[in-house]
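Following the hints, position chain B against chain A.
So the sequence lines, in the order shown, correspond to chains A and B.
The first sequence begins at 1 in our numbering and counts up by one.
The second sequence begins at 1 in our numbering and counts up by one.
Hints in this document: simulated from the structure, not taken from any laboratory.
Treat the hints with care, since some could be wrong.
[Stated by the list, open to error] Okay, derived cross-link-like pairs now, DSBU-like style, lysine-lysine, Cα gap no bigger than 30 Å in a straight line: (1) K137/B with K263/A; (2) K91/B with K137/B; (3) K263/A with K266/B.
[What the hints assert, rightly or not] To spell it out: a stretch of chain B is covered by chain A in this simulated footprint if at least three of its residues, at any positions, have a beta carbon under 8 Å from a beta carbon of chain A; those stretches are: (4) 194 to 202; (5) 205 to 216.
[As the list claims (entries may be wrong)] Ranges of calculated distance between the beta carbons of each label pair, as one might list FRET restraints: (6) G28/A with F29/B: 51 to 59 Å; (7) K141/A with L310/B: 45 to 53 Å; (8) H279/B with R93/A: 35 to 43 Å; (9) G28/A with V134/B: 46 to 54 Å; (10) E275/A with P92/B: 42 to 50 Å.
Ideal placement from N, C-alpha and C gives every residue a C-beta, glycine not left out.
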Amino acid sequence: MNGNIALEVRDLHTHFFLRRGVVKAVDGVSFTLHRGEVLGLVGESGCGKSVTALSLMRLLPNEAARTVQGQILLEGEDLLTKSKRQMRQIRGRKISMILQDPQTSLNPVFTIGNQLSEVIDTKGAGRGKSVMQQAIEVLRKVKLSAPEQRVHQYPHELSGGMKQRVVGAIAMHRGPGVLITDEPTTALDVTIQLQYLNLLKELQQDTDMAILFITHDFGVVARMCDRVAVMYAGRIVETGPVRDVFNNPSHPYTQALIASVPKMQRSAARLHTIEGQPPVLSDLPAGCRFEARCPYAEARCRAAYPDSFTVGAGHAASCWRLEPA
Amino acid sequence: MTEALTEPQTGPQAEPLLRVENLRKYYPFTRGIVFVTKVGDVKAVDDVSFTIAAGETLGLVGESGCGKTTTSKLVLNLEQPTGGRVLLQGKPIHGLKGEARREYRALVQAVFQDPWASLNPRMRVGKIIAEALVVTKWGSRSEIDHRVVELLVQVGLRPEHALQYPHEFSGGQRQRIALASALASKPKLIVLDEPVSALDVSIRAQMMNLLKDIQESENVAYLLVAHDLATVRHMTHQVAVMYMGQIVETAPTEKLFEEVRHPYTKALLSAVLPDHPDHRGEEIVLSGEVPSPMDMPPGCRFHTRCPFALPECVTHEPALREITPSHQVACHLYSDP
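Here chain B stands alone, though its shape is the one from the complex:
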């Protein structure tokens, strides 16, 4: 697949919108102040590959520290990878300079978790939304004003809201403002980092519906970083489950939830709280905590908490392999005899 860049793509194997190949991000940790020696690496993202098709949603699921946010930062070109690459429409994104980089910023936007922190409190909402347009010299002042009104209406706010400040809005409204400013430059991909987890239940539903509507009308792709499986099931087309910097299972959403294979995904799924007091599924309670990423366990990274660990799990790291078409799992339980 490395020839994808040079060879023109045709036919059914056309280049997806975003392709992430063997992405690695290691943060060195050091000892000493004057004579600094490198002690090792924290492998925040370690050999992660996935693709996102235009207009589709990939859900990146995992617990805190699994590398899902680092992955999203790498996709946003806010971090330089240690290895591997990210391609948008077939072009590598890291190392872009000047105009090309600005173009990339217009094509890939983000909505973050905390709408209280992501909006500048001293700017009027209209200016926050217009900022991306001003920076990319999108059009004249009146064109931009017109676009801001259009965006506000699109996310379910009113035109006069442009003159107000972020503190005058509720959490759900702020998240709509963040979405409007992400949509301003007509991006192809929006990275959604826990976009609804700070919102109340009824507001969360509104935001999720809005995100789906906008995906349909704008044909924008989402990279959804989330920990709540019900949200992921509702929002995504494809799911990748991450544990300690690696993808342990990936499949189309419905397929994944129909036949969960990896023990970690099973545990995540069983930790989802019930919809009703009488719903009690199989409960896999994981013992202990996620190991320290500075001291990665040998073999399978999950074996320290896995209820089904085999002897080879301690010694050999399982590779991510396809067990049924389009369903990939990294687990020795599913390796061929």
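This is chain A alone, in the form it adopts within the complex:
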């Protein structure tokens, strides 16, 4: 076991068993998250990135959704073999999560201090200090202004950016080795988004935490991530160091996605678009899932799902065009 690896996901399959069929939301996802690394998981809605995150946390919505195959190795231990009770001990301490909407992550009828008290340790390191004193310290770490007043306030009295800082404080207080953030800044204003991203980066560098950053925004990836994995229809289609993927996007989907973002540097008359829709996850084609929308599609793309081909150091993509001759 490599000591540098924080989280390793091997061939993860999470399916939804519905009356109308099996929806393969996550269908063979593998990736490695190293210590102190920020890995971006990028994709559009419905590609399975959030279901991946929920599978890692073992927080899948209901009985219909099940992780049917794969391994989630956190510090060498497979989370899929843990009981519910063991998972409760692991969440927050070893792996934590920040969700998109801070409004729904916090309970509206309890004060901020009260909600923070759930993660505060009154026996170990925090012995001798009152819970409120500790809560104030926790808020100070995420640079929330006037923490002495904030602990007595309710979530509705705080702005979106402040609430997301509180959520971050709760998620990171126990010092988890892995943090999963699912679109944490989508609900925030642009100037507040920048503040929050800077804060996350700072805290991440201080603690050597690994972050799995789920986003649809390549700008966030460019700003935050060391490596990036691009997801399409339940599978990772390209993965690599962030600069390599931006300079040399190798999967046609990654290329199209990067090209369709309006750029600040130059303004083009028309934006690049990807025609068509992603495949229905309950009726996936046998071959490449992007084939129907791909400008380079050939016969072999329909026949079989492409293997992952290396295009550079740590940079690989699943496309038949990359197969060495």
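Quick look at chain B alone, frame taken from chain A:
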């Protein structure tokens, strides 16, 4: 410019499609339940003026709570202004009644942010699009049906989609339906309130291209309310940046992005995430949050967060003034010595 109404307009100074003059919208906030006393006003929109020419796009940019949506509601005649006025083709729009108001509704339409909330889930798409035509008694039933098909094709959908319900469509398709129903009455102006921010990246590009195509073919003007500067740069001819109810900087789009002047606009621009990991511009991270609009700071409203604040910023409110032709900024850094 107040004579614009009575005097016929001729020559190069012809009346623009939409003229907004010193627009104000104050929401009073009160204390008490039985003996209600007014404590003060939330100045959601405070002395805002701009014009939109026919077939052009004005981008209204700012963060949440800056008054951009209130401004768009005032333009849509969904709110009564506290002061100032909005003129469409030289005629004031507030106080319109009956037929005149219906006419106005046909000329000014809207597409909102959330296509999941803006379409009636119990109506077929064809009926949603036809509604504006039925209300304005646009034509006979068969004429309307024909127009609905024409509109669906125009926004890139298929005629048979008219028989389906909104839940059968994806977010991008729903936004196309909303656009089709806005276009039905052949409006001169469409208010677009964050029309692409709920959409996925690849779908967003399709929608932006479609909006530009339609502007070209229909010569319709847009008032684009947005927070994403890259979208605004791509879509607009003129930009107005709002902060706490006021316009702090306005200029033609290319000019504004070439030489940004106001510190707030600079901060907004530097908060735009990079296109590439190696792109790192000057980064101005604003400290703190937008102050409460119930407790407006004195002087310049931005001075509490401004990294370049001068002593006079605390005491004197800067006026919006032209610093180079067609580029207006409200900031003491650019006032004459």
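**Study point:** Ascending list of hint numbers which this structure does not respect
**Key:** 1 and 7
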